Amino acid sequence: MPIIVNVDVMMARRKMSLTELAEKVDLTLANLSILKTGKAKAIRFNTLEALCRALDCQPGDLLEYVPEEKQKTTTD
Amino acid sequence: MHISYLRTLKGIVAFVYYASLVGMVGGALALIYAYFSPLEHLKFYINVPIRLGEEAVYGDRGFVVTTYNSYSSWLNFDCFDRSMFDEDAGLYWKNVICIFLGVSIIVMMLRQVKLILDTVGTINVFSTANVARIRVLGILLLMNNFDEPLCWFLIKNDVVALLQKHHAAYTLGSYGLPTLLSSSFFIGFLLFGLAEVIRSGLYLKEEQELTV
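Here the protein sequences line up with chains A and B, keeping their order.
Per the working numbering, residue 1 is the first one in the first sequence, and the count goes up by one each step.
Per the working numbering, residue 1 is the first one in the second sequence, and the count goes up by one each step.
Calculated directly from the structure, the hints in this document are not laboratory data.
Bear in mind the structure is a predicted one, so any value in this text is a computation, not a measurement.
Backbone N, C-alpha and C fix where the C-beta goes; we use that ideal spot for every residue, glycine too.
Treat the hints with care, since some could be wrong.
[Unchecked claim] Residues on chain B that point at chain A, a partial pick, calculated with CB under 7 Å:
no.	residue
1	D86
2	L210
3	T211
4	V212
Given these sequences and hints, build the entire structure.
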């Protein structure tokens, strides 16, 4: 998937734990884990809004587009 | 009420499946035993699209062919001379292979139905495994349509040679290829469609589950 979710990066910058974030955005740990590990196929606008509010950032700070060819070269 | 209906259905399918399995193995053993046993009188039946000119043909050395004419006839071969039977052992074994092939397809279909029914009532009912099973069921139903013409192709020359050897009058027919409207052929394709519907449903379910 060429969309990378940088929730873990933002969490580290804000020094916030997964449990703390889950409580703030009202998401289950399982769902937050899906998001963090990049397994998510879609994200609702209200979830994105809650994450931006909790982490005090913009959607662009959480989501990044990396073309698949570039992803392959970095993994190689 | 629903659970008891499901349990009954599962029970019936499991019973028919195991009975067919036992029948298939038992039948195969009986046919092998009939061939290798020192019996002097041997009988075997073939269901083929052939019509005899008369109801019974009396050949050499006590060889008798009787028929029950219908769309496809049951030819009933009676060999009272073992050496006579040994001459036509090829036909006997080809017929055994054909019977085995037909029964195997049915047993495999029953197995797929049983495996699908076993998942009903569990969370695995809509799974990729069941999609694959429905596809296999469709393939087996399509194969079932070609079973008879294939067997006829396999044994036709032997049956004709045997009837000619005993100077029997006969008329040859053919099974023809199945048409799209023949029921099992149609159901086979329908199952492919159903498998695709369930597969896309599974995709939607997965997408829904992975939407945060």
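Hints, one by one, checked against the model:
1. D86: 67 Å, violated
2. L210: Because about 4 Å separates L210 of chain B from the closest Cβ in chain A, which is inside the 7 Å limit, the hint holds.
3. T211: Holds: closest Cβ of chain A sits about 4 Å from T211 of chain B, inside 7 Å.
4. V212: 5 Å, holds
Violated hint: 1 only; the structure is consistent with all others.
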